[in-house]
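Colleague: What follows is the residue order along each chain.
Number of protein chains: 2
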Amino acid sequence: MTARTTAKPGKIRHETASLATVARETGVSVATVSRIVNGKSGRASSETVARVAEAIERLGYRPNPIGRALRRRASRVVAMLSPNLDNPAMAAIAVSTEAALRDAGYVMILCDTHDRPELQDDYLLAMRDQLVAGYIMVSAVRSQGLEQALGRGDPIVFVARRNPLGGGAFVGIDDRGAGADAADFMLARGIERPAVLMAAQNISSTAERAAGFIERLVARGVPADAIRRASAPGLSHIEIGYAAAQALVRDGGWPQGALCVSDLIAYGAYRLAAESGVAIPRDCMLVGVDGNAINNWIAPWLTSIRIPYEIFGRHVLEQLRLQWSGAATSEIHVPHEPLAAKP
Amino acid sequence: MTARTTAKPGKIRHETASLATVARETGVSVATVSRIVNGKSGRASSETVARVAEAIERLGYRPNPIGRALRRRASRVVAMLSPNLDNPAMAAIAVSTEAALRDAGYVMILCDTHDRPELQDDYLLAMRDQLVAGYIMVSAVRSQGLEQALGRGDPIVFVARRNPLGGGAFVGIDDRGAGADAADFMLARGIERPAVLMAAQNISSTAERAAGFIERLVARGVPADAIRRASAPGLSHIEIGYAAAQALVRDGGWPQGALCVSDLIAYGAYRLAAESGVAIPRDCMLVGVDGNAINNWIAPWLTSIRIPYEIFGRHVLEQLRLQWSGAATSEIHVPHEPLAAKP
Numbered sequence: 085m086t087a088r089t090t091a092k093p094g095k096i097r098h099e100t101a102s103l104a105t106v107a108r109e110t111g112v113s114v115a116t117v118s119r120i121v122n123g124k125s126g127r128a129s130s131e132t133v134a135r136v137a138e139a140i141e142r143l144g145y146r147p148n149p150i151g152r153a154l155r156r157r158a159s160r161v162v163a164m165l166s167p168n169l170d171n172p173a174m175a176a177i178a179v180s181t182e183a184a185l186r187d188a189g190y191v192m193i194l195c196d197t198h199d200r201p202e203l204q205d206d207y208l209l210a211m212r213d214q215l216v217a218g219y220i221m222v223s224a225v226r227s228q229g230l231e232q233a234l235g236r237g238d239p240i241v242f243v244a245r246r247n248p249l250g251g252g253a254f255v256g257i258d259d260r261g262a263g264a265d266a267a268d269f270m271l272a273r274g275i276e277r278p279a280v281l282m283a284a285q286n287i288s289s290t291a292e293r294a295a296g297f298i299e300r301l302v303a304r305g306v307p308a309d310a311i312r313r314a315s316a317p318g319l320s321h322i323e324i325g326y327a328a329a330q331a332l333v334r335d336g337g338w339p340q341g342a343l344c345v346s347d348l349i350a351y352g353a354y355r356l357a358a359e360s361g362v363a364i365p366r367d368c369m370l371v372g373v374d375g376n377a378i379n380n381w382i383a384p385w386l387t388s389i390r391i392p393y394e395i396f397g398r399h400v401l402e403q404l405r406l407q408w409s410g411a412a413t414s415e416i417h418v419p420h421e422p423l424a425a426k427p
Numbered sequence: 085m086t087a088r089t090t091a092k093p094g095k096i097r098h099e100t101a102s103l104a105t106v107a108r109e110t111g112v113s114v115a116t117v118s119r120i121v122n123g124k125s126g127r128a129s130s131e132t133v134a135r136v137a138e139a140i141e142r143l144g145y146r147p148n149p150i151g152r153a154l155r156r157r158a159s160r161v162v163a164m165l166s167p168n169l170d171n172p173a174m175a176a177i178a179v180s181t182e183a184a185l186r187d188a189g190y191v192m193i194l195c196d197t198h199d200r201p202e203l204q205d206d207y208l209l210a211m212r213d214q215l216v217a218g219y220i221m222v223s224a225v226r227s228q229g230l231e232q233a234l235g236r237g238d239p240i241v242f243v244a245r246r247n248p249l250g251g252g253a254f255v256g257i258d259d260r261g262a263g264a265d266a267a268d269f270m271l272a273r274g275i276e277r278p279a280v281l282m283a284a285q286n287i288s289s290t291a292e293r294a295a296g297f298i299e300r301l302v303a304r305g306v307p308a309d310a311i312r313r314a315s316a317p318g319l320s321h322i323e324i325g326y327a328a329a330q331a332l333v334r335d336g337g338w339p340q341g342a343l344c345v346s347d348l349i350a351y352g353a354y355r356l357a358a359e360s361g362v363a364i365p366r367d368c369m370l371v372g373v374d375g376n377a378i379n380n381w382i383a384p385w386l387t388s389i390r391i392p393y394e395i396f397g398r399h400v401l402e403q404l405r406l407q408w409s410g411a412a413t414s415e416i417h418v419p420h421e422p423l424a425a426k427p
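Protein sequence lines correspond, in order, to chains A and B.
Take 85 as the starting number for the first sequence in our numbering and just add one per residue.
Take 85 as the starting number for the second sequence in our numbering and just add one per residue.
Keep in mind that the hints were calculated from the coordinates and are not lab data.
Note that this is a predicted model, so its numbers are computed, not measured.
Some hints here could point you the wrong way.
Label-pair distances were calculated between CB atoms; the ranges are [stated by the list, open to error]:
| hint | chain 1 | residue 1 | chain 2 | residue 2 | range |
| --- | --- | --- | --- | --- | --- |
| 1 | A | Ala-188 | B | Pro-384 | 39 to 47 angstroms |
| 2 | B | Trp-408 | A | Ala-188 | 30 to 38 angstroms |
| 3 | B | Trp-408 | A | Gly-237 | 48 to 56 angstroms |
Facing chain B, a subset of chain A residues (Cβ under 10 angstroms, in silico) [what the hints assert, rightly or not]:
| hint | residue |
| --- | --- |
| 4 | Ala-176 |
| 5 | Val-191 |
| 6 | Leu-194 |
| 7 | Ala-210 |
| 8 | Ala-217 |
| 9 | Gly-352 |
| 10 | Ala-358 |
| 11 | Val-362 |
| 12 | Trp-381 |
| 13 | Ala-383 |
| 14 | Trp-408 |
| 15 | Ala-412 |
Some chain B residues flagged as far from chain A (calculated, every beta-carbon gap over 10 angstroms) [unchecked claim]:
| hint | residue |
| --- | --- |
| 16 | Arg-127 |
| 17 | Asp-196 |
| 18 | Asp-205 |
| 19 | Asp-206 |
| 20 | Gly-229 |
| 21 | Gly-251 |
| 22 | Ala-303 |
| 23 | Pro-307 |
| 24 | Gly-336 |
| 25 | Ala-383 |
| 26 | Leu-406 |
| 27 | Ala-412 |
Beta carbons: idealized from backbone N, C-alpha and C, even for Gly.
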């Protein structure tokens, strides 16, 4: 009995004996054959190994599914692509997701894309070579590689920032709602003309926070043209915060209060305040979004809408599992914490 | 002509045709054969593919080196195992190393070991399955898996904390020297009885900072028993800082100044000071070690010995390359920056 490949010019046919054929012929289990094929003869006797090896040869079985072996080998590995490892919020997302995946038997590997499309693509390619089981795209940017991965139907979960190409699984907060809450909070504290500090780069999450903030202020009677907005270009939110605050102050002095669309932006604004002798929050209330753990230690001056990043991980895992099982994914909005007045 | 395997019970021999044999027989290049074997027939004509496939069959060539394929595939991937992704110093090391590796054509993947031996071993195993080209162990702990990896001669570079099992490539600072510099700095500022806040867990880097600090103070005439030391157990340096400061203050009030063996420890101590109405640095000068970038933004009260983590990456890469080429590794002490007085 033989199952050799018959190759004719222009046409390749592989009539390959299966693992099951080898197992049947040798009287051992498929699992044992599989282990031997994969070099893990482990508990099998050397006689069994030899018998299996002989049958593999005789039947023409080829461990041709290198790809399958690779995929199986890597199927417990999930890649997270994140824009900035040194942003505490990104670190919190990574820590939470790593823990949830690990508890479920997966291994998370983390790549720093620096918020740059070409690096995002480099890492998407490299992780594809590693045959990962899925991708977690934290604050992804539009890129060709992302488009291709989506086109292939690779399992992908977007976190914090929605899929820049639309659709897909998402885990984040209701950014618009968070902005609206900040507006209510400031109005309740008697700040009638709050400002907003944001990045110039138009990305879904922080832009929606600003939009929700402004909408709510307008809905509650603040004239739209009385809401001062300042932004600055760049990728570093902390530097954006400083520059945007400079622009705001240059343009009409310090406001009574300002929404900073991320905690890092608030840190940047704080430095300008400290340099200018402006006391935060006495002279100007800064409201951030993120609620970084470090605030409790060294930024007690900051009121921040806390995003419970520690529970993001389990939602990300769930969205991956849905894709692995072929089920539909969804957009998960994790509730942000209500703002409480600082003592 | 045939090169079939001859298997006898108890003995397996593989007389395998090489890629070169197949290439010679078919008149195409080894590279083309290799691409076809790996399923990337790409630019080869279907006739060539068929001819190669036929020769592979006829000669009994087996793409048996699955391992080799995997290794080649993964040889551009390096794993960093780091204890705490949410420690800014660890993030700075990760960012710097990722950039240096990427510039050199490597991909860095990052795993969070949470400073726990069993997780370190989980990730060492998982990364071995990914067939990485090397390991970067940031603040590694003693573990069985580490011992095994060292025993196998895997390329490993230790960063920040020396190999807990001794020897090996290392990139870090002269921790003892940094402690001594902190002592000189405080004495020069008229702080005659500085204290030291540290972790209870005895790890090389921070313990050496404390030792260097105390040694220098004693050498300069401070009685050893006048140097107050406080420590606290746990893994979170920020919490350790708070608890150690509590212990210190309970034991004899706030000192004029204290070395905090990491910036996170200083952040913890700062919170206690803020809660207690103690002004930093006016009432108590805190000197940290790390020089986290965030200090310039929101912790201007902290004097910190800056470690130039941004150049760690290139030293780590160099130490990996030495191991890949079979050369001897070394301990690299990156100079820390001298302390300058705050304005």
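Colleague: So, for every hint listed, does it hold in this structure?
Modeller: Here is what the structure says about each hint:
1. For the pair Ala-188 of chain A and Pro-384 of chain B, the beta carbons lie near 43 angstroms from each other, so the given range of 39 to 47 angstroms is met.
2. Roughly 34 angstroms separates the CB atoms of Trp-408 of chain B and Ala-188 of chain A, a value that falls within the hinted 30 to 38 angstroms.
3. At about 37 angstroms, the beta-carbon gap between Trp-408 of chain B and Gly-237 of chain A misses the expected band of 48 to 56 angstroms.
4. About 6 angstroms separates the beta-carbon of Ala-176 of chain A from the nearest beta-carbon of chain B, less than 10 angstroms, and the hint is met.
5. Checking Val-191 of chain A against chain B by beta carbon gives a least distance of about 4 angstroms; that is within 10 angstroms, so the hint holds.
6. At about 4 angstroms, the closest approach between the beta carbon of Leu-194 of chain A and any beta carbon in chain B falls short of 10 angstroms, and the interface hint on this residue holds.
7. With a least beta-carbon distance of about 4 angstroms to chain B, the hint placing Ala-210 of chain A at the interface is held under the 10 angstroms criterion.
8. Given hint, Ala-217 of chain A at the interface with chain B, is violated; its Cβ is 12 angstroms from that chain's nearest Cβ, farther than 10 angstroms.
9. Interface hint at Gly-352 of chain A: satisfied, since its Cβ lies 6 angstroms from the closest Cβ of chain B, which is below the 10 angstroms cut-off.
10. About 6 angstroms separates the beta-carbon of Ala-358 of chain A from the nearest beta-carbon of chain B, less than 10 angstroms, and the hint is met.
11. For the restraint placing Val-362 of chain A at the interface with chain B, the shortest Cβ-Cβ distance is roughly 14 angstroms, beyond the 10 angstroms limit, so the hint is violated.
12. Restraint check, Trp-381 of chain A versus chain B: the minimum CB separation of about 5 angstroms is within 10 angstroms; hint holds.
13. The interface hint given for Ala-383 of chain A is met, as the beta carbon of that residue sits about 5 angstroms from the closest beta carbon of chain B, less than 10 angstroms.
14. At a threshold of 10 angstroms, the smallest CB-CB gap from Trp-408 of chain A to chain B is about 18 angstroms, leaving the interface hint violated.
15. For Ala-412 of chain A, the interface hint is violated, the least distance from its beta-carbon to any beta-carbon of chain B being 30 angstroms, above 10 angstroms.
16. In this structure Arg-127 of chain B is separated from chain A by more than 10 angstroms, as the shortest Cβ-Cβ distance comes to about 17 angstroms.
17. Distance to chain A contradicts Asp-196 of chain B as a non-interface residue, since its nearest Cβ pair spans about 5 angstroms, not more than 10 angstroms.
18. Every CB of chain A is more than 10 angstroms from the CB of Asp-205 of chain B (nearest about 12 angstroms), matching its label as outside the interface.
19. Taking the minimum C-beta to C-beta distance to chain A, about 7 angstroms, the non-interface status of Asp-206 of chain B is violated against the 10 angstroms cut.
20. No beta-carbon of chain A is positioned within 10 angstroms of the beta-carbon of Gly-229 of chain B; the least distance is around 14 angstroms.
21. Against chain A, the non-interface label of Gly-251 of chain B holds: every CB pair exceeds 10 angstroms, the least being about 27 angstroms.
22. No Cβ of chain A comes within 10 angstroms of the Cβ of Ala-303 of chain B; the nearest lies about 33 angstroms off, and the non-interface call holds.
23. Its beta-carbon lying about 33 angstroms from the closest one in chain A, Pro-307 of chain B satisfies the requirement of being farther than 10 angstroms from that chain.
24. Non-interface status of Gly-336 of chain B relative to chain A is upheld: no Cβ of that chain comes within 10 angstroms, the nearest being about 24 angstroms off.
25. Non-interface status of Ala-383 of chain B relative to chain A is broken: a Cβ of that chain comes within 10 angstroms, the nearest being about 5 angstroms off.
26. Its beta-carbon lying about 24 angstroms from the closest one in chain A, Leu-406 of chain B satisfies the requirement of being farther than 10 angstroms from that chain.
27. Every Cβ of chain A is farther than 10 angstroms from the Cβ of Ala-412 of chain B; the closest lies at roughly 30 angstroms, confirming the non-interface assignment.
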